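Novice: Given the coordinates of chain G, work out where chain U should sit on it, guided by the hints.
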Amino acid sequence: MADHVYVYGIVEDADLSFEAEGVGGATEIRTVEYRSLSAIVSEIDTTDPDRTDEDVERHNDVLGTVLEEGYTVVPMSFGMAFKNARTLKGVLRGANRALRKTLAEIDGTVELGVKLVDTGLEADPDEVQAEIGDRLDEVSINDTDDDLFSDRLVLNRSYLVDRDERDRFDDAIDDVREAYGDALTVQYTGPWAPYNFVDVHIGADRGS
Amino acid sequence: MFLFDDLLVRPFVSLLDVLHTLALTELYDVEALRDDLKENRLLYEIGERPEPAYRERKAELEAELERARELRAELSDKVEVKG
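So the sequences go chain by chain: G and U. For the first sequence, full-length UniProt numbering assigns the number 208 to the last residue and increments by one with no breaks. For the second sequence, full-length UniProt numbering assigns the number 83 to the last residue and increments by one with no breaks.
What the hints contain is simulated information worked out from the structure, not anything from laboratory work. There may be inaccurate statements among the hints.
[What the hints assert, rightly or not] Heads up, incomplete: computed chain G residues facing chain U, CB under 7 Å, no partners named:
#1 Val117
#2 Phe149
#3 Thr185
#4 Thr189
Every value quoted in this text rests on a predicted model; they were computed, and no experiment measured them. Ideal Cβ positions, reconstructed from N, Cα and C, are used throughout, including at glycine.
Okay, chain G solo, but in the shape it has when bound (with noise of 0.2 Å):
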């Protein structure tokens, strides 16, 4: 039975209800309200759901929705469900001050995510990767360090971008583009919420 509750974020003061594909088959999104915070989230028949490609795309897609509509996202990481909406206000009630405080730190922002792939590079990666993270820099908030989980990457990292600032994100990377041509493949992803900028842990204990 789905009486369950599964979280795909949070955010604050909305009363949100929509259609979309969820995880575990859910095919209604809404919210949980506790004070200000206000939980992003679905039925679900379990509180540990197996994380498979689909899902976890289904959870990002739910995020991607609410980021469209405008509003600034704490993402969960996938698999947080609960026993029920009770133990949910519960688990917001104890993170409420760490949920209220990393919103006011995110409030505004999206993140997007930049791979450069080596197809033809006769330049030395290592000064590209300089050039190019220097441009991104000026206009970003903050970067993570790269995963270079293969040879052929030349920059792989995730930007925080004010919202406001994303048409010259764009421009940046179309210059990219533009400059490298054939040599550089650039995989652009995103608005995703900025899961690699926040650092709450919550649910410890969520009722199962």
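Specialist: Quick look at chain U alone, frame taken from chain G:
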């Protein structure tokens, strides 16, 4: 990185056992396998690897990762493995 402390407290663990352990853990490097999985996905996403080849490689790497995890769990009882 491997700790050979067991050799000091358990002298009956032969050098051959340790070398065998080293070879196996090198072969089943979990982090390297995770990186290979991510690279496979990246090459598919940028259009350098066709979907059938991507799926085949993904299945191979996931099976290797599973074996690596099992092996590490078995070896953890014998020699402490860190990293």
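Novice: Each hint needs a verdict: does it hold in this structure or not?
Specialist: Hint check:
1. Val117: Hint on G/Val117: holds, closest Cβ of chain U at ~6 Å, below 7 Å.
2. Phe149: Result: holds, 4 Å to nearest chain U Cβ.
3. Thr185: 5 Å, holds
4. Thr189: It is violated, given that the least Cβ distance between G/Thr189 and chain U is near 9 Å, above 7 Å.
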